[in-house]
Amino acid sequence: MKKKLKLKLSKYNTLLLKYYLELFELLEQLKIPLFLLVFILFIGTLGYMILSKGDFIDSFYMTVITVATIGFGELVENSDTPVGRVFTSFLALGGIGFYTTSITLIANLLFRRDLFSLLKYIVMLENISKLKDHFVIFSYNELAEELVKVLKKNDLKFVLIDDNKENEIKLAKNPYIDYFIVDDMFDREVLNSVNINYSKGAIILLNDKIKKLALLVTLRLLRPNKDEFIIYILASDKEEEEKYKSLGTNFCIIPSKIISTRIISYISHQVYGFVSDLLDRVSYGEEKEIDIIELVINKDSILNNRKIADTTIRKKFKSTIIALKRGDNLEVSIDPNTILQENDVIIIFGKYSNLKKIMEAFLNNSTELLNLS
Amino acid sequence: MTKKIISDIFIILSLTTNFMFIFYPNAITIFIALFVNLFATIFKLGESKFLATKILATSFVADLHLLPSIFLFFLGYREFSIALAIGALVSNIISVLLVIIESVLLLFEE
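Residue numbers (this note's numbering), protein chains in the order written: chain A, 1 to 373; chain B, 1001 to 1110.
To be clear, the hints were calculated from the coordinates, so they are not data collected in a lab.
Derived DEER-like restraints, expressed as beta-carbon distance ranges: (1) GLY1076(B) to GLU189(A): 55 to 63 Å; (2) GLY71(A) to LEU1075(B): 20 to 28 Å; (3) LYS157(A) to LEU1075(B): 50 to 58 Å; (4) GLY1076(B) to ASP80(A): 25 to 33 Å; (5) LYS165(A) to ILE1022(B): 51 to 59 Å; (6) LYS1003(B) to ASP184(A): 32 to 40 Å; (7) LEU1067(B) to ALA107(A): 18 to 26 Å; (8) LEU115(A) to ILE1022(B): 30 to 38 Å; (9) LEU1067(B) to ASP184(A): 39 to 47 Å.
Per the computed footprint, the stretches of chain B lying under chain A, defined by three or more beta-carbons under 8 Å from a beta-carbon of chain A, are: (10) 1032 to 1040; (11) 1043 to 1049; (12) 1069 to 1082.
Quick caveat: nothing in here was measured; it's all calculated off a predicted structure. Using N, Cα and C, we set each Cβ at its ideal position, and we do this for glycine too.
Modelling step: build the complete structure from the supplied sequences, incorporating the hints.
Shown next as structure tokens:
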């Protein structure tokens, strides 16, 4: 039995538990002012009910207007008698103090400690603890701002962790960020609370080299399998890249290298400025309407052993097969009579909406993809 | 421990006073039932033990039944008022059952 109880408690991660305890503490502090408020209403209403022989609504009303210092007059039957006036006097003397104190305390607790943002944060943490196959982004900076837009556009789930308290408001206001935590990112409890054990990968956008190394080592200790947990990291040069790769990062990105490649691409395709980085833009998801997909033909696929000319990709779905990868060869001049084989990869270029339909038909192995007539 | 005794007393009192009103509906019984229920809810605020949040929820449900019930009673809709009080009674029964379960669980924990 003991074990079961402990298991029940352990389903809450430490960070969530911390905020829950804060919430309970806040509610505990509401106890006394609420008690005072209800107590004074109870005494007042009871007194007037005895005087008026059971008229609850007027008695309650008279109590409220007396303790709230509104004082519309003696509305309850027998409240204008000497006994009634003595009772009203004492109720006003004690009640007004009780009432104002408790109302001030309640308002103070609710607004100073901000109960609503605490509740919002708890709900967010609960949702984070249910996440699976998500990415964890470390640090919030200009790069992260751009990255979250692309991740959101591609419907990828992610949690952002930042240790700078000043960024909390910015994170809460960013419409692309659903989940974030502002806490020490090296703390194991914080990493556990973002469900790191069920996540797909980590994106480290930190600038500090020492912090990057420490985080990389911590993450690899928690998730040693490189295939199950992918780490993306930024490096400033080749030497740093090698260091991170030896420590277990999967992808190391050198921003300066990418930018210089783009500049060269613009220079060498000066005339056709649009074409120079079209494929880059398409493959990185920057183009809104055009996209590129690859389909791997497996043994049971409906396209296996079929001619390219027999597919409806061009006619029905208005998209083009631009390349075929067979083994290590990449064929860019496609003959319509080519017969697709197992393990072939076809690369299709077209409008995003059409490609989505092709993908759906391919995953369902639908005959829509074949021209059967 | 004293806190727990007080809050348990009020939870059981809310059930008994609630029952009292249904059995003998009059101005005083509904008034006592409502305020005892309100006090029971307040005493349960801020507790974080096993079933405390559930007990708080059931107690709060009883309050939400009894608050309109008392006004309806004095406005002359007696049958409707008693119907609401029966709803509160169900909630209070669940509340007491939860208190018993919590006590048993705590006994095992010790």
